[in-house]
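Whole structure, please, built from the sequences with the hints as guidance.
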Amino acid sequence: MDQLIFAAEVVLNGLMAGVMYALVALGFVLIFKASGVFNYAQGVMALFAALTLVGIQNGQVPFAHLINAAFGTSLHHFGWTVPSVLAILLTAGVMVLLAFLIEKLVLQHLVGQEPIILFMATIGLAYFLEGLGDVMWGADIKTLDVGLPQGISDTVEQVTANWFGYGFFIDRLDIWATVIAALLVAALVAFSQYTKQGRAMRAVADDHQAALSVGISLRFIWVMVWSIAGFVALVAGIMWGTKSGVQFSLSLIALKALPVLMLGGFTSIPGAIVGGLIIGVGEKLFEFAIGPMVGGATENWFAYVLALVFLVFRPQGLFGERIIERV
Amino acid sequence: MNDMTSQGYVTPDGRQIGGTLMELKNITLRFGGVVAIKDISFDIRQGEIRAIIGPNGAGKSSMLNIISGFYTPQEGEVWFKGYRRGPMKPYQVARLGIARTFQNIALFDGMSVLDNIMTGRLNRMKAGFLAQAMWWGSAAREEDENREAVEKIIDFLEIQNIRKTPVGRLPYGLKKRVELARALAAEPKLLLLDEPMAGMNVEEKEDMSRFILDVNDEFGTTICLIEHDMGVVMDLSDRVVVMDYGKKIGDGTPAEVRSNQAVIDAYLGVAHD
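Chains B and Z, in that order, are what the protein sequence lines are. The first sequence stops at residue 327 when you use the numbering used here, and every number in between is there. The second sequence stops at residue 1273 when you use the numbering used here, and every number in between is there.
Fair warning: there could be bad hints in the mix.
[Claimed, not checked] Only pairs whose alpha carbons sit at most 35 angstroms apart, straight line, appear in this in silico DSBU-like list of lysine-lysine:
id : chain 1 : residue 1 : chain 2 : residue 2
1  : Z       : Lys1247   : Z       : Lys1038
2  : Z       : Lys1089   : Z       : Lys1038
3  : B       : Lys104    : B       : Lys142
4  : B       : Lys104    : Z       : Lys1089
5  : Z       : Lys1189   : Z       : Lys1089
6  : Z       : Lys1205   : Z       : Lys1164
7  : Z       : Lys1081   : B       : Lys104
8  : Z       : Lys1189   : B       : Lys104
9  : Z       : Lys1089   : Z       : Lys1247
Hints listed in this document are in silico derivations from the structure and should not be mistaken for laboratory results. Computed from a prediction, not measured in an experiment: that's the story for all the values here.
This is the structure in structure tokens:
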């Protein structure tokens, strides 16, 4: 019985970690669906968004080091702090601007190129953004606090203690992240299913030529999709940044999104969510059940091995479109 | 080009054809060193069914692609509704009120028939981004109005029973019909049909011919179509342009074209000098 209750707690924690993975994977799926580009820079976009958010919040002077080096000044802060909500809105604005610039300076010049070329371009973009983030806001590790509650939830602990005689340890941040991610996903699905722009986005994802013929501007849709992906990156950046600080390793969460995508399929929004949950629960349960037998730390590799297994037996993922070559 | 000012004509079956809607003047299109279209001029009148015919490789599809903005000719002028059209992107042309279908069918396979047809109305929807996202009054009303217009077209083309089916699952003939429905949903001034009957059996061809005539009759839509099946074209069209090797070799009513020696030669394959 005790074991079962422990397992339940593990599953609950896994589900919440899974939502975080799904959040990152979503950004990939959105761009991949609409433009066929695998955006390697998605993780760095989350890092960049988080850096920008912290910078704006603390009233940091952007490019302070550069300006100081060039003009011999010693700028660092404006001396004000910006309220969280306003800072988030401003950062969202920066991400939209970034989407616009990416379309204008990169994508527009690569229309009609092979997917691998576009993929290479996003690798370049990733390194550029990483550098830009450093130059703009400095390379030191920052703490991010937008007022999300953190720490173990007493309510959950007490309630479960009453029910099972054993209190679950659940981080309040995880609960909030789950709620916010669920809202975000619901909003995205509603947007793509029921609005004019959402319909246009699905149309572009399906067939570029046909989309053009009904009067859809591909450029507008691409800017829109990259903006949304930027916004998703911002949300992911806030969650992960609050959890483990804003630093370079934040961009590596993108690596965790890869197995999620392989499980869920690169073209499916529900796939990204279900894939994220499976990986989240799977790796926590595996660590709980098998971990002690093999010396632990299975969370580092479990997701990738699972993805490999999927690649062998179901390469299109759970929800992806099956690619059938007709001869 | 003198008849540009004329006030149209009356067809043998008594339909009044209006003035010039679109005019192409001295169009030349090259792909590298290959000349696909050489110095072609013709016009399309308000309310008529205009056909472009010719053997394979005559440059018919290229012509349609020029009208719909997918290709930009190196030489020549495109006039629409009395204005000269500069170089335009296909989506801009679509927004002018020119809708088209494709020879190889370009539908959104993953979307339902209804959603596919709704995309045809994207440019008729005005509600802004935020209103759409929030589903506020006007946006909802607009969605309903557009839905109504689409349902009319669905009835008209007799595809009610497949409206929720994903397009990818439909047979070829029905896909062609859905593509026509999507083009009609835009309520175009000019409707371009690229081989609407290609690959169809006799029965499907008859259906499609009937729909094309009905569209023209019911909505007064001007139609320009490409076809290489001579028989079908002659029955459908008011006037026919005949192309061969990128040049115009005939232009007139079906009867005139049929008796044109150059056209007969092109179709029967007389050696070119």
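Review point. Are there hints from earlier that the structure breaks, and if so, what are their numbers?
Key: Hint check: nothing fails, all pass.
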